[in-house]
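2 protein chains.
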Amino acid sequence: MNFEKSEFLYEGKAKRIFSVVGDSGKVWLEFKDDLTAFNAEKKGSFKDKGVINRNIASLIFNYLQQFQVPHHWVADIGEREMVVNKVNIIPLEVVVRNVLAGSTAKKFAFEEGTLLEKPLVEFFYKKDELGDPFVSDDQALMLKVASSQQQLNQLKAMALEINQYLIQLFDKASLKLVDFKLEFGVAADKKVLLADEITPDSCRLWDKETNEKMDKDRFRRGLGNIRESYQGVLERLRSVLN
Amino acid sequence: MNFEKSEFLYEGKAKRIFSVVGDSGKVWLEFKDDLTAFNAEKKGSFKDKGVINRNIASLIFNYLQQFQVPHHWVADIGEREMVVNKVNIIPLEVVVRNVLAGSTAKKFAFEEGTLLEKPLVEFFYKKDELGDPFVSDDQALMLKVASSQQQLNQLKAMALEINQYLIQLFDKASLKLVDFKLEFGVAADKKVLLADEITPDSCRLWDKETNEKMDKDRFRRGLGNIRESYQGVLERLRSVLN
Numbered sequence: 069m070n071f072e073k074s075e076f077l078y079e080g081k082a083k084r085i086f087s088v089v090g091d092s093g094k095v096w097l098e099f100k101d102d103l104t105a106f107n108a109e110k111k112g113s114f115k116d117k118g119v120i121n122r123n124i125a126s127l128i129f130n131y132l133q134q135f136q137v138p139h140h141w142v143a144d145i146g147e148r149e150m151v152v153n154k155v156n157i158i159p160l161e162v163v164v165r166n167v168l169a170g171s172t173a174k175k176f177a178f179e180e181g182t183l184l185e186k187p188l189v190e191f192f193y194k195k196d197e198l199g200d201p202f203v204s205d206d207q208a209l210m211l212k213v214a215s216s217q218q219q220l221n222q223l224k225a226m227a228l229e230i231n232q233y234l235i236q237l238f239d240k241a242s243l244k245l246v247d248f249k250l251e252f253g254v255a256a257d258k259k260v261l262l263a264d265e266i267t268p269d270s271c272r273l274w275d276k277e278t279n280e281k282m283d284k285d286r287f288r289r290g291l292g293n294i295r296e297s298y299q300g301v302l303e304r305l306r307s308v309l310n
Numbered sequence: 069m070n071f072e073k074s075e076f077l078y079e080g081k082a083k084r085i086f087s088v089v090g091d092s093g094k095v096w097l098e099f100k101d102d103l104t105a106f107n108a109e110k111k112g113s114f115k116d117k118g119v120i121n122r123n124i125a126s127l128i129f130n131y132l133q134q135f136q137v138p139h140h141w142v143a144d145i146g147e148r149e150m151v152v153n154k155v156n157i158i159p160l161e162v163v164v165r166n167v168l169a170g171s172t173a174k175k176f177a178f179e180e181g182t183l184l185e186k187p188l189v190e191f192f193y194k195k196d197e198l199g200d201p202f203v204s205d206d207q208a209l210m211l212k213v214a215s216s217q218q219q220l221n222q223l224k225a226m227a228l229e230i231n232q233y234l235i236q237l238f239d240k241a242s243l244k245l246v247d248f249k250l251e252f253g254v255a256a257d258k259k260v261l262l263a264d265e266i267t268p269d270s271c272r273l274w275d276k277e278t279n280e281k282m283d284k285d286r287f288r289r290g291l292g293n294i295r296e297s298y299q300g301v302l303e304r305l306r307s308v309l310n
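Read top to bottom, the protein sequences are chains A and B. Take the position in the first sequence, starting the count at 1, then add 68; the result is the number in the numbering used here. Take the position in the second sequence, starting the count at 1, then add 68; the result is the number in the numbering used here.
Warning: the hint list may mix true and false statements.
Which copy? The list can't say, so a pair holds if one copy fits it or any two copies do.
What the hints assert, rightly or not - Subject to a maximum C-alpha distance of 30 Å in a straight line, what follows is the list of computed DSS-like cross-link-like pairs (lysine-lysine): (1) K174 - K94; (2) K212 - K194; (3) K276 - K212; (4) K174 - K249.
Everything labelled a hint here was simulated from the structure, so no lab data went into it.
Kindly generate the complete structure, drawing on both the sequences and the hints.
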């Protein structure tokens, strides 16, 4: 299929979004080289970050395809762009944790690296001006960010299923999937699709042997070698997916 | 029944707890005159606060008795004490909101006083050193503060039922029940009982006509006339319950 980029729609923290000529059911994503953390209080970038993340995201969407996980990816374009099915994003960050790290470890004073007995799913309300607060199911329904408890249950079930597939994939790539954030959207046919991206921006990935961080925590915590880590994740995924 | 106070067990922010001579299944609560707010960062007291709150709590436990709500109250003793059935407190503050105010209004940038379409139940993990964080059901289960999702569902159902009875009671007393916090405990026979207290320390109560605050927010926000407000709540309850 040939796609042609049309007018600019929206610029997010890590992507620019455009419409697609002659196809209102699709949008065009351009992955930027920008990195942000702590609700965009910390900003940075590195060369070709958008290229690396577009490639990682595409590999993962295509990997999930074999398990019939419904997702928005349609086609890669050039080095740092992709065409996806247009969805109405459900304004919840769906976080799955296998190992405690980050905000939840801090909130409950658990040592970073504590293995959970079973994966924990959390919802955060996507609202920059509120700092993306953690919400319960009942709060999400009160805020009308999800249509029903059934929809929330579906998001949790999809997130836990995707977690199983991703654990297997990253394990083969000698990476421990500590936690990750998903976003979902509702397509024109009302189907719920995995949207946004799965990349080192949205996952915590630790080397299986050394526990070395290979994700955005290198940026958040000023650990250096950010580009090398993102590139390393891409290379490891390529080596196990081909 | 005659009860005799035995040794001191524990001092909380608003109560002292003692054992009961010859009855290990009961404990003796003494209501203090102390007031605390913001995780005990703000401290105060007023004369006979413990007397007023003991009386309000007892009136409410006895009011709920007629609806077969299981609770821990057994008997009043003297002016500021009561004997209750001993329970293992479930370390969750169960908050019911009819109108948005306080932390949740702030979290979502809702105007204080926004009426909710239906009551919202929230859980906060009772842990002073963590600042009593808000938790989802899944986090409460991860922390093992509740035994099962069924137990959490039971707490929510009991809280919503109690809310209906309390709305009626306070409405007769010309008070709007904005929100309140409950604690539950598990008795020796495994039954879940309403525990702790229901008083102006644990409720937001606004005068039905003027919206004047008649609860601990007068202390939190330095509005003055704290004693008069607590005493007013007691007098209004007495006038509708006799």
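Now the hints, each set against the structure:
For the homomeric pair K174 and K94, neither the shortest alpha-carbon distance inside one copy (39 Å) nor that between copies (37 Å) is at most 30 Å. In this assembly of identical chains, K212 and K194 lie within 30 Å of each other by CA distance both inside one copy and across copies; the values are 12 Å within and 28 Å between. In the homo-oligomer, the alpha carbons of K276 and K212 lie at most 30 Å apart only across protomers (28 Å), although the nearest pairing inside one protomer, at 40 Å, exceeds that limit. Taking the shortest alpha-carbon separations for K174 and K249, both the intra-copy value of 17 Å and the inter-copy value of 25 Å come in at or below 30 Å.
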